[in-house]
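A.B. asks: Chains as they are written, first to last, in the numbering used here: chain A, 86 to 529; chain B, 86 to 529; chain C, 86 to 529; chain D, 103 to 214; chain E, 103 to 214; chain F, 103 to 214.
The hints are simulated quantities; they were obtained by calculation from the structure and are not laboratory data. Note that beta-carbon positions come from the ideal geometry of N, C-alpha and C, so glycine has one too. Wrong hints could be hidden among the right ones.
[To be verified] Short, incomplete list of chain D residues facing chain F, as computed with Cβ under 10 Å:
1. His113
2. Ala121
3. Glu134
4. Thr145
5. Tyr148
6. Ile179
7. Gln187
8. Gly189
9. Gly191
10. Ile195
[Stated by the list, open to error] In silico EDC-like pairs for lysine to aspartate or glutamate, Cα to Cα no more than 16 Å straight-line:
11. Lys316/A x Glu152/D
12. Lys378/B x Asp116/E
13. Lys136/F x Asp116/E
14. Lys316/A x Asp116/F
15. Lys136/E x Glu134/F
16. Lys510/C x Glu314/C
Below, each chain spelled out in residue letters.
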Amino acid sequence: MLSNRLPARHSARLPSIAAIAVAAFLLPGGASAQEIDTGDTAWMLTSTALVLFMTLPGLALFYAGLVHTRNVMSVLMHVVAIACVASVLWFIFGYGLAFGEGNAWIGSLDRAFLRGMTTESVVEKMPESVFFMYQMTFAIITPCLIVGAYVERIRFSAVLVFNALWLLIVYFPVAHWVWGAGGWLFGEGPRAEGGIRDFAGGLVVHTTAGVSAIVMAVLLRNRHGFPQEIKPPHMPGLAVMGAAMLWVGWFGFNAGSALASGQGAGMAMTATHLAAATASLVWMGIEWMRHGKASVVGIVTGTIAGLATVTPASGFIGPMGGFLIGIAAGVVCYFVTQFVKQRLRIDDSLDVFAVHGAGGMLGVLLTSFLASPTFQGLGFAENMTAASHFVVQLKGVVIVAAWSAVATWVLVKVTQALVGLRVSKEEEYEGLDITAHGERAYDL
Amino acid sequence: MLSNRLPARHSARLPSIAAIAVAAFLLPGGASAQEIDTGDTAWMLTSTALVLFMTLPGLALFYAGLVHTRNVMSVLMHVVAIACVASVLWFIFGYGLAFGEGNAWIGSLDRAFLRGMTTESVVEKMPESVFFMYQMTFAIITPCLIVGAYVERIRFSAVLVFNALWLLIVYFPVAHWVWGAGGWLFGEGPRAEGGIRDFAGGLVVHTTAGVSAIVMAVLLRNRHGFPQEIKPPHMPGLAVMGAAMLWVGWFGFNAGSALASGQGAGMAMTATHLAAATASLVWMGIEWMRHGKASVVGIVTGTIAGLATVTPASGFIGPMGGFLIGIAAGVVCYFVTQFVKQRLRIDDSLDVFAVHGAGGMLGVLLTSFLASPTFQGLGFAENMTAASHFVVQLKGVVIVAAWSAVATWVLVKVTQALVGLRVSKEEEYEGLDITAHGERAYDL
Amino acid sequence: MLSNRLPARHSARLPSIAAIAVAAFLLPGGASAQEIDTGDTAWMLTSTALVLFMTLPGLALFYAGLVHTRNVMSVLMHVVAIACVASVLWFIFGYGLAFGEGNAWIGSLDRAFLRGMTTESVVEKMPESVFFMYQMTFAIITPCLIVGAYVERIRFSAVLVFNALWLLIVYFPVAHWVWGAGGWLFGEGPRAEGGIRDFAGGLVVHTTAGVSAIVMAVLLRNRHGFPQEIKPPHMPGLAVMGAAMLWVGWFGFNAGSALASGQGAGMAMTATHLAAATASLVWMGIEWMRHGKASVVGIVTGTIAGLATVTPASGFIGPMGGFLIGIAAGVVCYFVTQFVKQRLRIDDSLDVFAVHGAGGMLGVLLTSFLASPTFQGLGFAENMTAASHFVVQLKGVVIVAAWSAVATWVLVKVTQALVGLRVSKEEEYEGLDITAHGERAYDL
Amino acid sequence: MKLITAIVKPHKLDEVREALTSAGVQGMTVTEVKGFGRQKGHTEIYRGAEYIVDFRPKVKIEVVVDDGVADRVIQAIRDSAHTGQIGDGKIFIADVADAIRIRTGESGPEAL
Amino acid sequence: MKLITAIVKPHKLDEVREALTSAGVQGMTVTEVKGFGRQKGHTEIYRGAEYIVDFRPKVKIEVVVDDGVADRVIQAIRDSAHTGQIGDGKIFIADVADAIRIRTGESGPEAL
Amino acid sequence: MKLITAIVKPHKLDEVREALTSAGVQGMTVTEVKGFGRQKGHTEIYRGAEYIVDFRPKVKIEVVVDDGVADRVIQAIRDSAHTGQIGDGKIFIADVADAIRIRTGESGPEAL
Ligand SMILES: Nc1ncnc2c1ncn2[C@@H]1O[C@H](COP(=O)(O)OP(=O)(O)O)[C@@H](O)[C@H]1O
Ligand SMILES: Nc1ncnc2c1ncn2[C@@H]1O[C@H](COP(=O)(O)OP(=O)(O)O)[C@@H](O)[C@H]1O
Ligand SMILES: Nc1ncnc2c1ncn2[C@@H]1O[C@H](COP(=O)(O)OP(=O)(O)O)[C@@H](O)[C@H]1O
């Protein structure tokens, strides 16, 4: 049975449809007499484009702007290549492993190469092809987020090997656990009784990526000269451009996760936007207080922190919840960046853990409280309270974080053994653009 | 009663729906049994993303490309920060003040913090959350347009204070006057008798921003060395990139203002596009005649002029109207840029008045004629002719321009008293990027 | 009778709708009682924005990043100006010539200036205005593709004259032949018996542009110093940015060509994406094998090759077909770039023929095989086999390529006679930015 | 002949150029440089960390002149580049053995 | 030793470099500069205003050579950078007291 | 006074600057340059073609010092810029006739 990634409330509101959709995937070949809704499909086609846009060019530019001139092309290459690898793997077996009918731990290979998908296959009220594509864009962006941890020093072959393995061992399974119909986190008790809530990927996307990022950074060790010799971003305007694209694209990420063009999408978009705007202003305010001025990279880092943090909650909360998450995200993520870099001296170069890991986990936990109608939230499943739900969420955070950390540790070691991790010191000084890709970013 | 921002003709075509929508907001808590249309909702979700995209990154890049290297980050900061402030204010009270049921002058605070919006609230055939978000993107872009008037010399704290006040005193009220159901301009006589026509913001967006821009520029005074020492754009390609994004996003701005996925949207998109393309070529032609060559910044300035000018008309005219507006926009806006900068010697640095103010007002006036079926227009309300409608439009232009000018004058003075307006001469030479934000745009 | 650009299979699936749509255009003034579908319309409005986005800023940036610093503005200018000219011509007579009821060779002028289009006109299930706009975006991008062949040496007036003529003599007719209801290629035998299949423009867009590009390059002759003195791209990151935008926009191009929000769109998007990702990796692999490293410009060139190649096939094939096309595109387009530049020594500067021409023709031919259910394809019309269909496709390729070549040859000569083709050697060294447009791309 | 090298504030370039042409100089060569000196640098912020950037943007103007006009040229630069604030820059004077105009092959003062 | 400084048109850089290596030069240092001279600048357009840009992009090639080969090197530059059109540029010759190779510590002509 | 010109690897700039200030130097001027020398260039790839780029990014440090401290300064540069690998760069020493501080009009060693 192929999961439909319906968060509890959502499916509660659409029981009959869920039933039909599920039925569809029990039919041989996925055939179904179910009708699609052209409006829902239009929004999901658009959301797919928006989420791809987040990665390419959004995230690629965001990261490329933050590194030094001599590593710009390498960052772009990492993002483009990982996106391609993830797309092909998703087609070959990823989709089936994540959403195919399997057991509590993993889907199945029955859907490998999209076997059984025809022009009649329907998921929710959209063509299965659209569902496939939409979910693929999440499998694309997640490993790309980790790029920020290892820029400016990693071997390109290590990027390819690590990420292919990571998708297999971390992303596809965790997506199945949390979003797959039979997944053990998703399925802990029927949804109506309050399974874990991760609307658009606080766990599946941001926790996995953020935790893996910091483990990777530790194992790969710091860039030479970190932190004294590390210079500020070579072109912060590129990062702003990328952040703006991420913001716009995130509407597809969160509002698209409603899987329909309706109230759920509208509310998710509202909460998402308010969290982003609020976190931006909070980050700006903190910088102003601490440095006497506020930077542009700062404000947009706040934006991304707000967006990452609201992600798991966006389908369960109201506008006020978005606003409050924005405040929490701005404060927490800011101080985690300081803690990781200045205290722990870990060169998670572009702060993937601080922004996505901390943000994602924070958001998952806050979902328990902010879903409460007190904060305009959409409420809890029967028998659940904010407190009891917090336990469920916390459990999810611990499990996913632990799995991501352990698996990444092993995969980095495997990658090191297979192709080596780091470039030489000379190559690092020369820059990866020329040494690894034979290109220079600027010839003005 | 919450307004639905229905231009006269539009509502005339959809009387029953308007009635239902209006009814919805009379119910306590905004609850309604009305159904949404998934197709309309999909287009409005998309349009919301498109209009946000216009500001971030579109407008930010457009403006950033036109300034000097040392002020690039500051321009990006202005746009991002204003966008965030506008979003939060819109949530806190802006939405209610603009669209809430109040009197002829202002909405109400009943909808502050989106009180009363539930997942059942419907406006037109979309969730109220989508309507809220869509209208918010207009409140975001309007103050950001003014940025072009004061770049390279303003204090960042002045930007924040001025724009927060400006939204409160200019934007929210004017939006209510023109688009609010009970607004005095909107409501001057029942719509069917021909209230003012401003489809997507010729008055509410472009006239307010453009007029405020020139008043601000006068009060702030010129940049040091203006006009002799002022150099051409530091990276015109960025401006082209931004202009292209504005063009694409404007489809959401104008075609989205139909508030539905149908004939109104299609026609508005067509007129919008033809105006943009035509104005571009006209501007190019004028430059070619005057300088013997045509510049790229020129052609895309023509694009923006065409888009701003067609904005108020786009829902009332046909393709031929768009084409004719393009011609008028190219000629008029070109010569206004010359007049303001070379005759009046006013340093409205990025020509906000010439392009948006002049364009917006021109478009509002031309709407009276081009709505005529002679030009493929959609016609007039009963009892109205092009001439009688021109009077209505002219009145609107005068009132909105006057209010914007007076209010801006006062607000600039208030801002000056509170936090000061200009940076020091040394900071101006050094550039705002380093002095105000601690960043450099390029470290190549 | 206005064609609906329905590929054979598509129309076969929707006979009644096609009938209604066709009927609509026989009514005086295009009036029709047919209803639009808001979901389909939403997707087509979105697709229109996406395809415009491909050109502006996508293609403009892709090309601008690949040239030298001194010609950046000129490339942007070419793309913007051609887009505007194409838009206005499409309005004046292009739409009618391509889609109006005419003979087998050309449409008609009856629809000049969009005469007869009202807010009631419907095509398929969308407003005619949306159909007009969507098809216009194809007329915009096609001549812009050719820009890559003549950068860095052409006179701007030649760009304008050549492209206006080219639209008239090549694009509008070929669009009519292939997509117009009465077009001789389209209509060769009733569709059900297997007319030519070009879903989204392998012939109409890529073959015309690619073949014309190489003819233009030959006639214009190489840049001075080609190939020894030609330097690598001045800012490959811009090209990556543009390529990413093209990728995202291509979802509108191919999935939008289904003209509806449904299964056809979803499948086309899936095949398109898989072809892009796969071709990227193949190109990367070839570079790695040949040079010991892979470049970023290389991988994204592979992306574009994959996208161009899958274009004609995207509505007829399944995911596996997309994957296989990706492999073919990566290999073939790579080696054609080598052949054209290194063997033939033709300075098709940005490889328009190799990527679009070769890719487009390859895709048209492969459509015959990959439409087979063996490869998850959607099958053939009655009486048709892969082999018999291959003959039809091959004929189409030969005819369109030949017409494009001959017509371009003549038009280049005409342009040369009217305004001259090339700038002087001094201007070429100085760069077109300053000499032709009075601008410099960077003043850092 | 003398090579006069002036390192000045970027926004003074136009003034200096005009002063030089008024002083009869027919050609000069300008380079964007980064200066380190008594004028302290500035602080940049990046995600909570502050970076001291010691170098400030400066412009280097090189002009080769005949010995006779050197003093006039030096004076012209001093006057036009002067603001009185730290960081105004330096002028260095060095000897040049010969100058050649590539176009004509002229050498010595005629080549300037 | 002599420091030979040549200011030439940007598109001539490759030719000059080749001529210099043919003339036995083993190293050189190149800077992108802006030149002001007899060759007039160009006009830029920005929204109806015309800006005169007096400076033109040039390339400065600095090469330190032993006295004995100076003339040959100068000749090589002259020949390769020459187009005969205004703006071809200048060559300046100055004395260098010493040169040191950082890697080895060698000094004098051996360091070149 | 002496003009000491050092061409070094870009990532050595900070170290050299620190060494110079330790050696008592109060000011210097830095230019980004492209170096050609024994250290060979690199290969760039563009759509199947390989381009040899002969020039490598280098940094040129110019510092004018009083004759007395020249040797100390040269030594400081040598030590701090040294990696022992080809391409470490050169130091050139030339005479400077005079130096002037624009702000104050001081000249000679006081101006430094
Ligand atoms: N000894 C020196 N050698 C070379 N350049 C110098 C030297 N001292 C200063 N400069 C240049 O002159 C600029 C101005 O010097 P600084 O000490 O800041 O101010 P001032 O000239 O007013 O004393 C510096 O930024 C640097 O570029
Ligand atoms: N006196 C000078 N000092 C330094 N550089 C000069 C001087 N005169 C000319 N130059 C440089 O030489 C370049 C060419 O000079 P110009 O007068 O334009 O042409 P030509 O060398 O053909 O007479 C200028 O752009 C400038 O960079
Ligand atoms: N004769 C020269 N004149 C001017 N600059 C030189 C000369 N020779 C070398 N250089 C500069 O010194 C740099 C290093 O020289 P190179 O020969 O590569 O290594 P090394 O100094 O270790 O022998 C070059 O990149 C160039 O910038």
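A.B. asks: Compare the structure with each hint and give your call.
C.D. replies: Outcome of the hint check:
no., hint, verdict
1, His113, "violated (14 Å)"
2, Ala121, "violated (12 Å)"
3, Glu134, "holds (8 Å)"
4, Thr145, "violated (16 Å)"
5, Tyr148, "violated (17 Å)"
6, Ile179, "holds (7 Å)"
7, Gln187, "holds (7 Å)"
8, Gly189, "holds (8 Å)"
9, Gly191, "holds (5 Å)"
10, Ile195, "holds (4 Å)"
11, Lys316/A x Glu152/D, "holds (10 Å)"
12, Lys378/B x Asp116/E, "violated (31 Å)"
13, Lys136/F x Asp116/E, "holds (13 Å)"
14, Lys316/A x Asp116/F, "holds (11 Å)"
15, Lys136/E x Glu134/F, "holds (14 Å)"
16, Lys510/C x Glu314/C, "holds (14 Å)"
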